[in-house]
Structure formats: structure tokens, C-alpha cells
Amino acid sequence: MFKITGKIDNMVQSISYENENGNGRLEGDSGILFLVRWELENKSIVGPVGQYMEADINHPLAVYSVIETCFDSIELIEGEIPEADKIPEGCIG
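Residue numbers (our numbering): 9 to 101.
If you are wondering where the hints come from, they were derived from the structure by calculation, not from laboratory data.
All C-beta atoms, glycine included, are put in the ideal place defined by N, C-alpha and C.
Just so you know, not all the hints are guaranteed correct.
Unchecked claim - Okay, the calculated beta carbon distance ranges per label pair:
hint : residue 1 : residue 2 : range
1    : Glu26     : Trp46     : 13 to 23 Å
2    : Phe42     : Glu97     : 39 to 49 Å
3    : Gly98     : Glu28     : 33 to 43 Å
4    : Leu41     : Pro90     : 15 to 25 Å
What the hints assert, rightly or not - When the alpha-carbon atoms are kept at most 27 Å apart in a straight line, the in silico DSSO-like pairs for lysine-lysine are as follows:
hint : residue 1 : residue 2
5    : Lys11     : Lys94
6    : Lys94     : Lys51
7    : Lys51     : Lys15
Let's have the full structure, built from the sequences with the hints guiding it.
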């Protein structure tokens with residue numbers, strides 16, 4: 009579904025996410041895998057402003073949101089990235 013390459017403490021790390029029949033699976037370098045799995049297990053709510061959701065490996069947008077927060081910087085994104093719904097104009101002041 010998507011692969012993200014970024015830096016953690018100036019070390020390049022990559023992580024891939026696949027979701028087949030509603031079952032999410034992560035593969036990648038050990039550092040980013042550890043951080044993402046820890047976040048998914050220890051946080052209850054994740055997500056972009058206005059579209060918070062449960063931290064669930066089977067929810068692509070939740071996983072993407074967690075991955076984004078684990079990297080110090082993102083260098084490359086490949087594949088289909090899940091997108092949050094647009095926030096209607098005037099909802100956030």
C-alpha cells in the first residue's frame with residue numbers, strides 16, 4: 009500500500025505497510041518498526057486534526073499518522089497514502 013523512508017537520529021529507516029482484507033502488516037527496519045509498534049500498542053487515539061481514530065494496525069490512516077510522528081523527517085513516500093477527510097470551511101477558528 010505504501011512505503012515511507014525517513015530519518016531517526018540521522019539514520020535512514022524505511023517502513024512498508026500493507027492492508028489485505030482488512031488485516032494490516034508492517035515490514036521494515038528494526039528502529040522504525042519498534043517505534044511504530046510501540047505507538048500503536050500504547051496510544052489509544054491518533055490521527056490528523058478533526059479526524060481522530062483508534063490506534064489500530066488494521067486502519068491505514070491511523071498507521072500512517074503514527075508513522076509520521078515517529079520519524080524526525082520524511083525523505084520519500086511511495087505508494088498510496090491514505091488521506092483524511094477535508095475539514096469544512098469555518099469549522100476550526
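Each hint, compared with the structure:
For the hinted restraint 13 to 23 Å between glutamate 26 and tryptophan 46, the CB-CB distance of approximately 20 Å keeps it satisfied. Separated by about 40 Å at the C-beta atoms, phenylalanine 42 and glutamate 97 satisfy the suggested range of 39 to 49 Å. Glycine 98 and glutamate 28 have their C-beta atoms about 39 Å apart, which keeps the hinted 33 to 43 Å range intact. Distance hint for leucine 41 and proline 90: a CB-CB separation of about 19 Å, consistent with the stated range 15 to 25 Å.
For the suggested pair lysine 11 and lysine 94, the alpha carbons sit about 23 Å apart, so the restraint of at most 27 Å is met. Taking the CA atoms of lysine 94 and lysine 51, the gap is near 24 Å; set against the 27 Å cutoff, the hint holds. At roughly 22 Å between alpha-carbon atoms, lysine 51 and lysine 15 fall within 27 Å of each other, so this suggested pair holds.
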